[in-house]
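Dock chain B against the given chain A, drawing on the hints supplied.
One line per chain: the protein sequences are A and B, in this order.
Heads up: the first sequence is residues 1 to 339, going by this note's numbering.
Heads up: the second sequence is residues 1 to 321, going by this note's numbering.
In case anyone wonders, no lab produced these hints; they're calculated from the structure.
Predicted, not measured: the structure shown is a model, and the values here were computed from it.
Hints are not guaranteed to be accurate.
[What the hints assert, rightly or not] Below, a list of computed lysine-lysine pairs in the DSS-like style, where the Cα atoms sit at most 30 angstroms apart:
id, chain 1, residue 1, chain 2, residue 2
1, B, LYS122, B, LYS84
2, B, LYS199, A, LYS272
3, B, LYS3, A, LYS276
4, B, LYS261, A, LYS38
5, B, LYS260, A, LYS272
6, A, LYS215, B, LYS263
7, A, LYS215, B, LYS261
8, A, LYS272, B, LYS261
9, B, LYS263, A, LYS157
10, A, LYS157, A, LYS210
[Said to hold, decoys possible] Covered by chain B, according to a simulated footprint, are these stretches of chain A (three or more residues, beta-carbon under 8 angstroms):
id, stretch
11, 48–60
12, 199–206
13, 225–232
Every residue gets a Cβ at the ideal spot worked out from N, C-alpha and C, and that includes glycine.
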Amino acid sequence: MTGERQTVLRTEQLKAFYVLEMYGTQKVVQAVNGVDMKIYENEIYGIAGESGCGKTTLLKALFNDFVPPLRLISGKIYYRTNWVDEIDVTRMSPEEIRQLRMQYISYIPQGSMSVLNPVIKLKNTYEDFIGSHLGGQSREETFELARKQILALGLPKNVLELYPHQLSGGMRQRVTIALASLLKPRIMIGDEPTTALDVVVQRGVIQMLKNIQEKLQNTIILVTHDMGVHANIADRIGIMYAGKIVEEATTGQIFDQPLHPYTRFLINSLPKFGDKHVRDSVPGNPPSLIDLPTGCPFHPRCPQVMEICHQQIPGFSYLDENHTVACWLFGEGIHGQAA
Amino acid sequence: MDKLLEVNELTKRYSQGGGLARYICTAVDHVSFYIKPAEIFTLAGESGCGKTTTANLILGFEEATSGAIFHNGKPQTRKEKVWKTEGVQAIFQDPFCSFNQLRTVDSYFYETVRYFRLARSKQEAIDRIDQKLRLVGLTYQEFAGKYPSEFSGGQLQRISIARALVSDPKLIIADEPVSMVDASLRMSIVNLFKQFRDKLGVSILYITHDLATAYYISDRIAIMFRGNIVEMGTVEEVLMNPRHPYSKLLRDSILEADPKKRKTTAITLSELELDEYLRQGCKFAGRCPEVTENCKGVAPMDIQFSDVMVKCHKYSGSQEI
Chain A
1 MTGERQTVLR
11 TEQLKAFYVL
21 EMYGTQKVVQ
31 AVNGVDMKIY
41 ENEIYGIAGE
51 SGCGKTTLLK
61 ALFNDFVPPL
71 RLISGKIYYR
81 TNWVDEIDVT
91 RMSPEEIRQL
101 RMQYISYIPQ
111 GSMSVLNPVI
121 KLKNTYEDFI
131 GSHLGGQSRE
141 ETFELARKQI
151 LALGLPKNVL
161 ELYPHQLSGG
171 MRQRVTIALA
181 SLLKPRIMIG
191 DEPTTALDVV
201 VQRGVIQMLK
211 NIQEKLQNTI
221 ILVTHDMGVH
231 ANIADRIGIM
241 YAGKIVEEAT
251 TGQIFDQPLH
261 PYTRFLINSL
271 PKFGDKHVRD
281 SVPGNPPSLI
291 DLPTGCPFHP
301 RCPQVMEICH
311 QQIPGFSYLD
321 ENHTVACWLF
331 GEGIHGQAA
Chain B
1 MDKLLEVNEL
11 TKRYSQGGGL
21 ARYICTAVDH
31 VSFYIKPAEI
41 FTLAGESGCG
51 KTTTANLILG
61 FEEATSGAIF
71 HNGKPQTRKE
81 KVWKTEGVQA
91 IFQDPFCSFN
101 QLRTVDSYFY
111 ETVRYFRLAR
121 SKQEAIDRID
131 QKLRLVGLTY
141 QEFAGKYPSE
151 FSGGQLQRIS
161 IARALVSDPK
171 LIIADEPVSM
181 VDASLRMSIV
191 NLFKQFRDKL
201 GVSILYITHD
211 LATAYYISDR
221 IAIMFRGNIV
231 EMGTVEEVLM
241 NPRHPYSKLL
251 RDSILEADPK
261 KRKTTAITLS
271 ELELDEYLRQ
281 GCKFAGRCPE
291 VTENCKGVAP
301 MDIQFSDVMV
311 KCHKYSGSQE
321 I
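The following block holds chain A by itself, in its conformation from the complex:
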């Protein structure tokens, strides 16, 4: 089924590093280290991995937001903005990128408190936002647009008259999502939108994301370390480890037959109701992205480590149409190419 669908976003050997220079010595943080991904229209793509594996940096790169010390080292990012051709966004001018933002691709940040301006009412935030991305509207039209959208998403209509601190965390996060979806973007990128929310609110936010996706038929790229969220809404999941996607498959496959040893640890460490058996967490600490181990970056923590893992980085093995894994246990794989 994926063969028929069009990609909306594609990367080729994307490398984005943080380059820090201090007193003449250079430190390079290899946060995104050769990522190939294809993201299709009308799907929810989940990216999972532990903190410090480069998830957020990957999102910044996909959003084409390279602010020093983050630098694009090599690779390409393609958007399919006009439904026919792919455009390499790494070569666009800042003004062209700015015009794509929010209309083609939008971003839901993690801390909703730091997004909404605390000293102005939410309706003025909406005004700012619409003014800079659409332009040419009168104030009344802007407020009308905001009011319509707030009502359509089932938020109480008086929120527009309130300041951000008067809202609860969950409500703020929902307003942030509402803002990100206002101009009906084709791609929405969510960076841990439900972390730090409690269970009931988390479920409400997930429900809202899902509703928006069904209504707009667009693509959501969702980063979170919470496998429960992925299990509930993602169609496909990519598991990220040390700047690379190590396994990619449909949600069912990731949970039922995880292949990469790291994915298996992730899935098996989750607590389940009705089962109090001791669950092991992933042993050891995540590798430092400044000083990566040789070969497969997971080999120091892997229980099934082999000789070759110490020396060479595994390529991608295609197990079926949707399932790829980068691990020596599953054959040599193809270097520099992925699903």
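Positioned in the frame of chain A, the structure of chain B alone reads:
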């Protein structure tokens, strides 16, 4: 029965605004519970339900409006606060905030040792600290003289747990210790709590909104809603067979890591917290699917079943199922 910590009818009211706009918000409303030795007791509920305020009251960071806290049978007074005794230690949510970025992490350990006079020489102190660090999987060598920025979040949280263990406490108050830590490290931290209970006989007051880990480690649980404990009992009973409509909602909201158990039904979220706090009668009446006229006017009483307590009108008149 032996009670390590007992909280009796604890109440905390905050008044907000001035003049005619003044209103009183009861953040913790006649909360009573106890913790036995070597037991993990969980206080769960959504954000803004008063669980952190309860912890702050126990630790003496805030003063209760009414009610009493007994530690080992002795009441907490203004002079003798629970957190100033070596038997009770606390762990907080954000490890990056609990350590001052400009101080080395080991200075916190020495401070604790000095405060409770736990060692007579420097070497004795180091031995004690090293022993505690080994319990959480670290060693003195890899941590001495370092600043908080040199550790990852998971390591820092384990260091703050080791810090809490330095004085050999009998009770650890852990306020959302895993909500800032990601899923794979989360299990390593809750596994530590399990070990402490089983091997060191430490009791833990585990405050969380993550019911999956609460189920995994705790013995008894209390579900809080807008300042009230609405259901309390053994974890098996409360989470596997919830009685209160709010516990059912909570249990039903958990996104389980299983694609076969996707949520298909919609839920309603509360609009404004304050309205619920100021509500007369049962505070859950605005969202409860089983609401009756009675709920809106009269606050429900605690109803005791064999090992569960429920605060709901639905069960009044039926003391035993």
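Verification of the supplied hints:
1. B:LYS122 <-> B:LYS84: Status holds; Cα separation ~23 angstroms.
2. B:LYS199 <-> A:LYS272: 24 angstroms, holds
3. B:LYS3 <-> A:LYS276: Between B:LYS3 and A:LYS276 the Cα gap is close to 26 angstroms, so the pair holds against 30 angstroms.
4. B:LYS261 <-> A:LYS38: 27 angstroms, holds
5. B:LYS260 <-> A:LYS272: 14 angstroms, holds
6. A:LYS215 <-> B:LYS263: 18 angstroms, holds
7. A:LYS215 <-> B:LYS261: Holds, at about 23 angstroms.
8. A:LYS272 <-> B:LYS261: 12 angstroms, holds
9. B:LYS263 <-> A:LYS157: 26 angstroms, holds
10. A:LYS157 <-> A:LYS210: It holds: about 21 angstroms lies between the C-alpha atoms, which stays within 30 angstroms.
11. 48–60: holds (count 3)
12. 199–206: Three-residue rule met by the stretch 199–206 of chain A, so holds; n is 7.
13. 225–232: Contact hint for the stretch 225–232 of chain A vs chain B: holds, 8 residues under 8 angstroms.
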